[in-house]
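Start from the sequences, fold in the hints, and give me the full structure.
Number of protein chains: 2
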Amino acid sequence: MEQATAKLFEGLVNQDRASLARSITLVESSNLQKRHQAQLLLTCVLQYLKTENAKSARGVKSFRIGISGPPGAGKSTFIEKFGKFLTGTGHRVAVLAVDPSSSTTGGSLLADKTRMPKLSVDPNAFIRPSPSSGTLGGVARNTCEAAVLCEGAGFDTIVIETVGVGQSEFAVADMVDLFCLLIPPASGDEMQGIKRGIVEVADLVVVNKSDGDLEGAARRVQAEYTSALKFVKQRTPLWKPKAISQGGDLKKKREQQMHVWMWRHIHERMMEIFRKDQTVAKNLSELENMVSQGIVTPGLAADILLEKFLKKL
Amino acid sequence: MEQATAKLFEGLVNQDRASLARSITLVESSNLQKRHQAQLLLTCVLQYLKTENAKSARGVKSFRIGISGPPGAGKSTFIEKFGKFLTGTGHRVAVLAVDPSSSTTGGSLLADKTRMPKLSVDPNAFIRPSPSSGTLGGVARNTCEAAVLCEGAGFDTIVIETVGVGQSEFAVADMVDLFCLLIPPASGDEMQGIKRGIVEVADLVVVNKSDGDLEGAARRVQAEYTSALKFVKQRTPLWKPKAISQGGDLKKKREQQMHVWMWRHIHERMMEIFRKDQTVAKNLSELENMVSQGIVTPGLAADILLEKFLKKL
Chain Z
294 MEQATAKLFE GLVNQDRASL ARSITLVESS NLQKRHQAQL LLTCVLQYLK
344 TENAKSARGV KSFRIGISGP PGAGKSTFIE KFGKFLTGTG HRVAVLAVDP
394 SSSTTGGSLL ADKTRMPKLS VDPNAFIRPS PSSGTLGGVA RNTCEAAVLC
444 EGAGFDTIVI ETVGVGQSEF AVADMVDLFC LLIPPASGDE MQGIKRGIVE
494 VADLVVVNKS DGDLEGAARR VQAEYTSALK FVKQRTPLWK PKAISQGGDL
544 KKKREQQMHV WMWRHIHERM MEIFRKDQTV AKNLSELENM VSQGIVTPGL
594 AADILLEKFL KKL
Chain C
294 MEQATAKLFE GLVNQDRASL ARSITLVESS NLQKRHQAQL LLTCVLQYLK
344 TENAKSARGV KSFRIGISGP PGAGKSTFIE KFGKFLTGTG HRVAVLAVDP
394 SSSTTGGSLL ADKTRMPKLS VDPNAFIRPS PSSGTLGGVA RNTCEAAVLC
444 EGAGFDTIVI ETVGVGQSEF AVADMVDLFC LLIPPASGDE MQGIKRGIVE
494 VADLVVVNKS DGDLEGAARR VQAEYTSALK FVKQRTPLWK PKAISQGGDL
544 KKKREQQMHV WMWRHIHERM MEIFRKDQTV AKNLSELENM VSQGIVTPGL
594 AADILLEKFL KKL
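Residue numbers (the working numbering), protein chains in the order written: chain Z, 294 to 606; chain C, 294 to 606.
These are calculated hints, taken from the structure and not from any lab test. Note that this is a predicted model, so its numbers are computed, not measured. We put the beta carbon where it would ideally sit given N, CA and C, even for glycine. Watch out, some of these pointers could steer you wrong.
[Unchecked claim] Sample of chain C residues at the chain Z side, in silico, Cβ under 8 Å:
1) G383
2) V498
3) W554
4) I588
5) V589
6) T590
As structure tokens, then:
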């Protein structure tokens with residue numbers, strides 16, 4: 294291993310915050326040489342974690358929690374309180390915020406110091422906003438890899454927060470051990486910004502802000518969700534609270550998730566290659582128009598484009 | 294156009310049932326030469342439909358209805374009654390049954406004569422089971438194309454039935470104008486076989502068998518679903534009953550669906566090409582194992598496989 298990367302690895306496993314920050318930056322880089330360094334670093338961290346995780350009865354030493362919810366649900370306040378509770382009981386907490394919108398809007402998240410004033414200065418916490426550019430696939434990959442680095446740096450609780458833009462919640466649901474949906478005490482009728490299907494991928498639905506004047510409203514919302522959740526199948530067999538920390542189950546779930554992610558990366562890249570192919574690009578809009586106008590079937594249009602692409606193979 | 298195909302086209306648009314049946318068989322064929330004939334036929338039918346549809350104020354002359362539901366919901370009986378009602382009021386009804394399981398199980402659908410005794414002998418109805426082999430993608434493509442042929446043969450109502458195996462309901466939801474979920478009067482707690490997320494893609498949920506002793510149970514189930522559906526966003530802007538048959542909306546929805554299908558076909562084929570690549574096939578299981586064991590990240594495994602695949606390009 295190159296010396297700079299070796300030094301970064303050593304700093305990381307010795308829980309040096311600056312080394313962790315630099316490692317995440319390295320993983321986020323799109324520079325080809327840096328990506329090679331990043332992959333080398335990640336491979337070493339994975340090797341290190343294998344030994345560490347083997348020491349745990351659960352098969353993994355960390356726990357990954359996804360937190361999502363519509364604007365106004367109180368995510369920042371919740372994570373601030375929850376994070377402080379965890380660090381107060383001896384845990385080390387890393388918060389990764391996924392915000393794919395930030396590349397176009399300049400970021401919808403406020404500065405961490407404003408959002409989580411106490412947690413952001415806690416020596417046992419580490420907060421990192423998402424990279425500010427790239428596709429959801431790219432952001433998701435970076436977040437997955439940043440979580441591995443945080444685990445290497447000894448953080449035992451990884452909170453992955455999503456601001457609920459695009460499909461980011463669904464991506465986050467597939468990279469955590471427990472996905473928690475935070476909602477304000479507003480009923481389904483009133484509520485805006487809850488995405489179709491998101492209730493179904495949640496392991497836990499928390500009605501936030503349910504005190505004081507809002508207690509009654511919160512109880513009604515709880516009843517509504519309880520009823521709605523009857524229509525949702527059990528997400529994983531391990532979702533019986535008693536079993537969740539038993540040996541092997543969590544490890545198995547993570548293995549499945551990693552396979553899902555490997556195929557997602559391949560998918561995304563293959564379609565990118567297809568779309569960027571010169572012959573495809575040249576003919577795409579004409580064929581899309583022909584499909585719209587009912588001149589060719591979608592199947593035939595697909596065949597024609599694929600034929601043009603595959604001629605080169 | 295070759296003479297046999299020209300004859301088929303002529304028979305089809307003259308509403309000859311045998312020509313329609315033979316045309317669908319042609320479309321289902323995997324023989325390369327027959328596929329070419331099929332595409333030629335489909336292109337002609339599309340051309341013919343453009344003229345026909347232009348005569349309709351709605352932009353399309355037919356209406357496509359998807360019917361899905363768990364076993365025991367009463368789909369066959371419902372379609373029999375509904376179909377007879379339609380033919381009794383002057384409509385011509387085609388029923389296409391999607392059953393991707395039939396390739397492995399020998400078919401989970403009974404013969405049409407047993408399932409729908411009256412509709413199967415009605416001269417204004419046409420019932421066709423799905424092809425008995427192929428992937429969901431293949432079956433879906435055949436069903437889309439069979440629907441076009443039925444429209445060419447003058448059927449103004451196309452019912453696409455799915456037996457609820459695998460992801461077939463979701464595929465059907467994307468090829469119809471209205472997707473109807475049929476459920477028996479059993480509450481969410483008791484009900485088996487309703488798929489996660491299926492309620493959300495339904496335009497209409499019908500509680501079937503809600504008479505006699507079951508009336509009370511049916512009312513309770515209706516209330517449960519009404520409550521659950523509050524958490525579901527409006528699927529399309531045109532889902533306001535008043536607007537559904539207004540000019541252009543339905544046409545626009547179909548155009549969007551056709552683009553979705555074009556990209557799905559490309560997707561499926563690209564991934565097939567990737568998986569069947571010799572170098573990929575040779576290295577896949579080893580890399581999947583390395584991912585499982587935490588030796589490489591999913592991202593790196595994807596990169597390695599893609600690099601091997603792309604070397605040939």
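Evaluation of the provided hints:
1. G383: 26 Å, violated
2. V498: 10 Å, violated
3. W554: Holds. Min distance 4 Å.
4. I588: Status holds, d = 6 Å.
5. V589: 6 Å, holds
6. T590: For C:T590, the interface hint holds, since the closest Cβ of chain Z sits about 5 Å away, which is under 8 Å.
Hints 1, 2 from the list above are not met by this structure, while the remaining hints are.
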